[in-house]
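A.B. asks: Going by this note's numbering, the sequence shown opens with residue 2, and the numbers climb by one from there.
Hints are not guaranteed to be accurate.
[Said to hold, decoys possible] For lysine to aspartate or glutamate, the following EDC-like pairs were computed, each having C-alpha atoms within a straight-line distance of at most 16 Å: (1) K22 to E55; (2) K50 to E38; (3) K98 to E84; (4) K45 to E28; (5) K10 to E28; (6) K61 to E21; (7) K22 to E84; (8) K16 to E55.
Calculated from the structure, these hints are not laboratory results.
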Amino acid sequence: MDNRAQGGKAFGLLKSQQEEKLNAINEAFQSDPQYAEEEDLCSKLEMFKKKYMEFDHNDKGDIDLMGLKRMLEKLGLAKTHLELKKMMTEVCGGTAKDTFGYTDFLKMMLGKRNAILKLILMFEGMGKDQEQTATGPPGRKTFSDLP
2 MDNRAQGGKA
12 FGLLKSQQEE
22 KLNAINEAFQ
32 SDPQYAEEED
42 LCSKLEMFKK
52 KYMEFDHNDK
62 GDIDLMGLKR
72 MLEKLGLAKT
82 HLELKKMMTE
92 VCGGTAKDTF
102 GYTDFLKMML
112 GKRNAILKLI
122 LMFEGMGKDQ
132 EQTATGPPGR
142 KTFSDLP
């Protein structure tokens, strides 16, 4: 990376490098025979990559406990420390780790297990669609609308 880049330019370079790394992992998942039967694998991987990049700000490649906490708070689902630790062990496949990487994240999202974090992230989009339909002031009522 260019050491002279500052601010937004450095962040843009960091994000482009991170996207290249995640694209390489996505290509490995696309060629994996275990996930060959998955419908719309390319579009799912692209969506998961964007979601992961949104919460991996420093490009360390891992989301830690506080990153997971920020992710869920942004979704409006604040969790206790104990619940977060339980989610981390579910994502990591039962091992007690402090962080999870992109491959663990993809295995959770594409796997058959229904981890809590997977369910939260999948239903996030549905909640946004419902919220968008109920915007603006309610329409005018007439006497015929009254019970």
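A.B. asks: Determine for every hint whether it applies to the structure shown.
C.D. replies: Hint check results:
1. Taken as a hint, the K22 and E55 pair is honoured in the structure, with Cα atoms around 15 Å apart against an allowance of 16 Å.
2. About 20 Å separates the Cα atoms of K50 and E38, which puts this hinted pair outside 16 Å; it is violated.
3. Restraint check for K98 and E84: the C-alpha separation of about 14 Å stays at or below 16 Å, so the hint holds.
4. Simply put, K45 and E28 have alpha-carbon atoms about 12 Å apart, close enough for the 16 Å limit, and the pair holds.
5. The suggested pairing of K10 with E28 is violated, with an alpha-carbon distance near 27 Å, which exceeds 16 Å.
6. Note on K61 and E21: the hinted pairing holds, with a Cα-Cα distance of about 14 Å set against a maximum of 16 Å.
7. Using a Cα cut-off of 16 Å, the hinted pair K22 and E84 is violated, with the two alpha carbons roughly 30 Å apart.
8. About 10 Å separates the Cα atoms of K16 and E55, which keeps this hinted pair within 16 Å; it holds.
Comparing the model with each numbered hint stated earlier shows that hints 2, 5, 7 do not hold.
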